[in-house]
Amino acid sequence: MTDHTKKEKSNEQLPPPTAEIQVAPEIEEHSETPEKSTKSIIIGLLISIIVGIVIAALPTPEGLSVKGHRFLALLVTVVLLWITEALPIGVTGLLAGGCLILFKIQPSAKAWEPFASPAVMFVLMIMMFGVILNEAGIAKRILHLIIKAAGTNVKKLSLFVAISSTILSTLFHDATITIILLFSFLPVFASMGITPSKSNNLSKFFILLIPLSASAGGFGTLLGGGRNPVMVETLAKVTGYEMSFMEFAFRNFPLAILTAIATWLVVYLIYPPKVKELPATLTTEKLPKMSGKEKGVIAAFSLAFILWSLTDLTKVHYSVVAAGVLAIIFGCKLVSFTDVIKKFPWESWIVFGAGVSMGIAMLDTGAGKWLASQVLPLLEGQSWVVVFFGAGLLGAVMSSFMSNSAATALILPITIPMAQSMGIPEAAIALSAPISTSFIMLVIGCPPTIIAYSTGYFSQLDFIKVAVPWAIVCLLVVSIGAAIYWPLTGFPTLPFLGIK
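Residues 124 to 623 (our numbering) make up the sequence shown, in order.
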């Protein structure tokens, strides 16, 4: 993993027209990056530890368990260590698991089991898919198709990518879409001399745009993620209101498209690329005939997509499908398993495991429920649009530390009764949970951002710089969009723009 980003220099210059698009060594291997200065490491460590100690020393608030208090102190320390990168982020991730045990927040099994949970193992395998795409040469072919459809103009191409990523993620797992699109663009940056250690606005723009737009699309249909069925099931149990597959998509899909455009705009404004056109060779280069191994990998990936789309019927977990497809690829020697292991970004995967472990600890200690109970009462007496946005903001924060399904399950038992007591349509407020948990603020928040981070082209601070305003803007866009669109579609008793 890298320190990632130095100040922009003249990294966005185009290569000569005859330049050949090749995958540079920096993309093929995760190269070492310059060490952080001893001073910055010490300062980061001291700030992180001191803040954690201060929080732990404060009196335990009413309604919060002692374990929950300890957990919040540890959580702040870990997040600060991740942000400052005072320690390698993988080391911090391992320390997080160890400290859960040391401070008696979780038993050892509860602290470490999440590192090998189905979700974490699925992320491991889907990240392997990304390395395989590169190794087999398929990433280059996918890029060729994208360029053929959208051209090389950076604005047009990036908007096409953002909308495509969001739409595809309403139907397929966002991590899969991220892997396919992200690894298609890495060879372009390599050919332009833009390596992880020389990352600039062009590379940051695309590498942040892809996972964020993919994450934003997850609430578009019930197929987009586990948080959606959780919301529908919880709403039915608490209120008896059963939202069908078609109704869910009818309410949410148009809002997902709005978030794609909002995502593109936010990332473009924060990391505006100086390059206006990608190399002309991308449109003129002739690709060699597809090899047998490439065809084999494509067939295996196609099988994975088909089986993933049928998981509701087969009840087979995503990770089982991924494991089976990897067995086919490596068993048939389509790609070398040894090469994939060598080039796998292990540090990012460890961080994701730590994030899942911390999220479970937040649930088990009651810290998450306590935080929700402190924030949501502030929305009492407000219009449904304000409540929708406020509950959504809490959802975005929560899903930055735990899985979006867990965050949805945590928030709904509080927001639905609150909506009932305020006379607000429960279904509208319930929908804020799966929508808002798509907008995470930390790298550890979801698989797509972890996958993007593993490329080494941006730092934790680079991500926060764009993710926080992105989450807020997307929530505003969705809230305003829902306030206009939902009442017009006949959503039960929902006043237009929240005006009674």
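To be clear, the hints were calculated from the coordinates, so they are not data collected in a lab. Incorrect hints may have been included.
Straight line, CA to CA, 20 Å or less: simulated SDA-like cross-link-like pairs of lysine to any residue [unchecked claim]:
(1) Lys397 / Thr318
(2) Lys588 / Ile206
(3) Lys190 / Trp235
(4) Lys416 / Lys456
(5) Lys190 / Ile483
(6) Lys190 / Ile172
(7) Lys271 / Val361
(8) Lys409 / Lys492
(9) Lys418 / Ala403
(10) Lys278 / Ile172
(11) Lys233 / Gly274
(12) Lys271 / Phe283
(13) Lys492 / Lys456
Computed beta-carbon distance windows for the label pairs [what the hints assert, rightly or not]:
(14) Thr362 / Leu169: 47 to 55 Å
(15) Thr161 / Lys233: 29 to 37 Å
(16) Val361 / Gly504: 30 to 38 Å
Since we're looking at a predicted model, the values are computed, not measured. Positions of the beta carbon are idealized from the N, C-alpha and C atoms, including for glycine.
| task | For the pair supplied as a hint, Lys190 and Ile172, confirm whether the alpha-carbon distance does not exceed 20 Å. | result | holds, 18 Å
| query | Does Lys397 pair with Thr318 here, judged by a C-alpha cut-off of 20 Å? | reply | Status holds; Cα separation ~16 Å.
| task | Just tell me: holds or violated, for the beta carbon distance of Thr161 and Lys233 against 29 to 37 Å? | result | holds, 36 Å
| Under the criterion that the straight-line Cα-Cα distance not exceed 20 Å, is the pair Lys190, Ile483 satisfied? | With Cα atoms ~13 Å apart, Lys190 and Ile483 stay inside 20 Å; holds.
| query | Do the alpha carbons of Lys588 and Ile206 lie within 20 Å of each other, as the hint requires? | reply | holds, 11 Å
| said: Run the distance test for Lys492 versus Lys456: straight-line Cα separation, threshold 20 Å. | reply: violated, 49 Å
| query | Thr362 and Leu169, beta-carbon distance inside 47 to 55 Å? | reply | holds, 50 Å
| said: Check whether the Cα positions of Lys271 and Phe283 lie no farther apart than 20 Å. | reply: holds, 12 Å
| field | Restraint check for Lys190 with Trp235, where alpha carbons must lie at most 20 Å apart | value | holds, 17 Å
| query | Between Lys416 and Lys456, is the straight-line Cα distance small enough, at 20 Å or below? | reply | Distance ~8 Å between Lys416 and Lys456 Cα, so the pair holds.
| message | What's the verdict on Lys233 and Gly274, does the C-alpha distance respect the 20 Å limit or exceed it? | response | Answer violated: Lys233 to Gly274 is near 50 Å, above 20 Å.
| Proposed proximity, Lys492 with Lys409 (alpha carbon, max 20 Å) | violated, 57 Å
Consistency note: the structure conflicts with the earlier hints numbered 7, 8, 9, 10, 11, 13, 16.
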